[in-house]
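Undergrad: So the sequence lines, in the order shown, correspond to chains R and C.
So the first sequence is numbered by my numbering: it starts at 1 and just counts up by one.
So the second sequence is numbered by my numbering: it starts at 314 and just counts up by one.
These are computed hints drawn from the structure, not numbers from a lab.
None of the values given here were measured: they were computed from a predicted structure.
Glycine is no exception: its CB is placed at the ideal position from the N, C-alpha and C atoms.
Derived DSS-like pairs: lysine-lysine, alpha-carbon spacing no greater than 30 Å straight-line: (1) 425(C) / 255(R); (2) 158(R) / 13(R); (3) 101(R) / 719(C); (4) 27(R) / 550(C); (5) 188(R) / 13(R); (6) 66(R) / 253(R); (7) 101(R) / 66(R); (8) 673(C) / 66(R); (9) 419(C) / 272(R); (10) 511(C) / 533(C); (11) 425(C) / 272(R); (12) 550(C) / 447(C); (13) 639(C) / 253(R); (14) 272(R) / 440(C); (15) 550(C) / 305(R); (16) 719(C) / 253(R); (17) 719(C) / 704(C); (18) 639(C) / 255(R); (19) 540(C) / 526(C); (20) 66(R) / 81(R); (21) 673(C) / 253(R); (22) 639(C) / 716(C).
Covered stretches of chain C (in silico footprint by chain R; criterion: 3 or more residues with CB under 8 Å from a CB of chain R, positions within the stretch not fixed): (23) 523-532; (24) 591-603.
Listed below, chain by chain, are the residues.
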Amino acid sequence: MAFNLPTETAKGKVREVELGAGDKARKVGGENVLPFHLWEGEMPNRPIVAAEVSDEVGELVPALEKALGEVKNDPVAWAKKAVEEWGADAIFLLLTSTDPKATDAPAEQAAETVLKVEEAVNVPVIVYGTEDLDKDAEIARVVATKAEGKNLLIGPAKEENFKKVGAPAIGYKQTVAGMTPIDVNLAKQLNILLTNLGMEAEKLVIDPTTGALGYGLEYTYSVMERLKIAGLFQDDSMTQMPMLANIGTQAWKTKEAKSSEEEYPEWGDPEKRGIMWETITAVALLLAGADILVLRHPESIRLVKQLIADLSG
Amino acid sequence: MGLSGLDIFKKLPKTNCKECGFPTCLAFAMKLAAGQTALDECPYVTDEVRAELAEASAPPIRGVTVGVGDEAFKVGEELVLFRHEKTFFNPAVLGVLVSDDMDDAKVDELLKQANECEHERVGVILKVGAIAVKAASGDAGKFKALVEKVKGATAKPLILMAEDVEVMKAGVEAAGDSRPLLYAATEANADAMGALAKEKELPLAVKAEDLDKLAELSEKLTGMGLKDLVLDPAPRKPGETFKDLVAIRRAALNQKFAAFGFPTITFPCEETDDELYETALAAMYICKYGGIVVLSHAEQWRMYPLLVLGLNIYTDPQRPMAVDSKFYEIGAPDENSPVLVTTNFSLTYFIVSGEIEGSKIPAWLGVVDVDGQSVLTAWAAGKFVPETIAKFINTSGIADKVKHRKLIIPGYVAQISGELEEELPDWEIVIGTREAADIPAFLRQFSTT
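So that you can see chain R by itself, here it is in the shape it has in the complex (with noise of 0.2 Å):
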């Protein structure tokens, strides 16, 4: 007896998004599929991989170390060498200077760096302040005001800032990733609240927070699907964004990612111990939907890289 392929159609699909300007510009999302079901409709782009760049570091773990090398003082050389070497669709700048509770620099400083590693690649740039409420809209409106025209990805918008961040993002023609806490409701209330202030549903990207390997990871996993379902099957228009997921920082902060061996000698190889612990957490979400992929260690984007390829046939 022969197997019919049980397909499904969606009635909605996924915004497609254009992140950058010029040559530089890539898009993504555009979906009517859940992920990768491309024997029932179509992906037009591809999910992204974005490295990220940091620009200040402290102590880091020896596995990222060794990956970075000499770059990790350098925001711009590190951000060319991922994109030329380590094939990273995107730079997803991280203002890790601006922390209030750190370094605190000025908004301006941080715009600078921006600016520089915006014109040394020629891939979008997104840029991420440090989930601090005042400063995130202070940088917001120097980086969209300084930058105006590039369409930049700028985040996070919260519930609490986002007309601070949401306004010169119009104003200066940027796009923005709206964070909410792993819940579908609270991610469409934040995209009708920014978009009520005028911004283009265009020009917006769910963050849902992401939760790594064995610290929250299967709630975002299941808050992406269901999203995902409710923007295709539902054609939910509050869900219609590209969703991006930032795993670095979480993947990397987790205790089974950076401890050495000596530390935990039944976990094994700390550093591909580590870069699993990225990789899974990527693997994961990207089945669940994600179509941005925040990524620090090269290993890790080269292989979800891979799975992308492999997945697209």
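Following the hints, complete the assembly by docking chain C onto the known chain R.
TA: Chain C only, in chain R's frame:
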């Protein structure tokens, strides 16, 4: 699945004889539909009806048990495509492959890896679930010797891999009564392999190059009377394997396609030679519909994250994972170390303990039983309240372990500090941080003296 109490009632004798222990046939039918009693309790139901009801109430994906005793595992019995719709039930089993063309040292090393890999997380024991023993040499004697060796070294369930039935027979003999999974029936050997599995009453894997052939073979084998099958769609190309696994799960659940109503087996070890990529593929199959996942090695660096992934994905979304309520030693705390309390929601515990550990300041972390809820939820539900916390502190014995009397509570429940001080008159209540991420900075400026 799917049969209502009334559907079942129509098929019962309707004599209300009470011999089943229930007052009426209707009451019995309702209990049956709820899965709270067994049809065998009714002495008068006909064999015909018995078969009909058994079939109608069978899960859409059969549960298949491999192995015996404590180490036995069951895969299958899944009811949904997405974990948020209900839950995934029987976590993907990770296996490691040994082959009779490997030298002894290699086999010993792999078995050692498999045996040593055992971790506890949130009260769940995570371990390698199976050993796949492959007849690569084609020599029945060699295969038999390897099966004997493996069986002597581990109690883990075996997957016997041979396509030549004579070689398989030698392996089955060596496996004794350990209920191995036979791998695999193919188009070429289905009659003989099916007969062997039937005679020995063993579960049997079915391997075919495409889904049409897999469905045909599965139907042929169930036609021979076999019930415990495991499906291997064998393109050995990750993209196609993913597509096949989705198709099989969907066909079984949404179309009730009986030929695919079985768990699956995948072989990332045969899809790449790159150990890291092999591990990434295993992660994909844990998420998307792999029942058994066979790897080339079982080093801790790969098995631990994969096992944690299985734990995460197969956690019941409606029932939060809880850790044991007690004082945890983070680092090596002494009598002057800070004392903190939080709730027993596993995520809360992992994040808080992780931040304390990251601060490099040893501390005592008390975890209060609030039915696995987070701090704010438990407080709102009246569970993380002064009375409960005081009772926990007073019975925990922490007062004997530290000299000071300072208790740090989560910043989100600052409002209970006054009342808690009344409940714990000996203690000074200190309001900690709202966010776990701020704990290291807090602890660095905190002093118990």
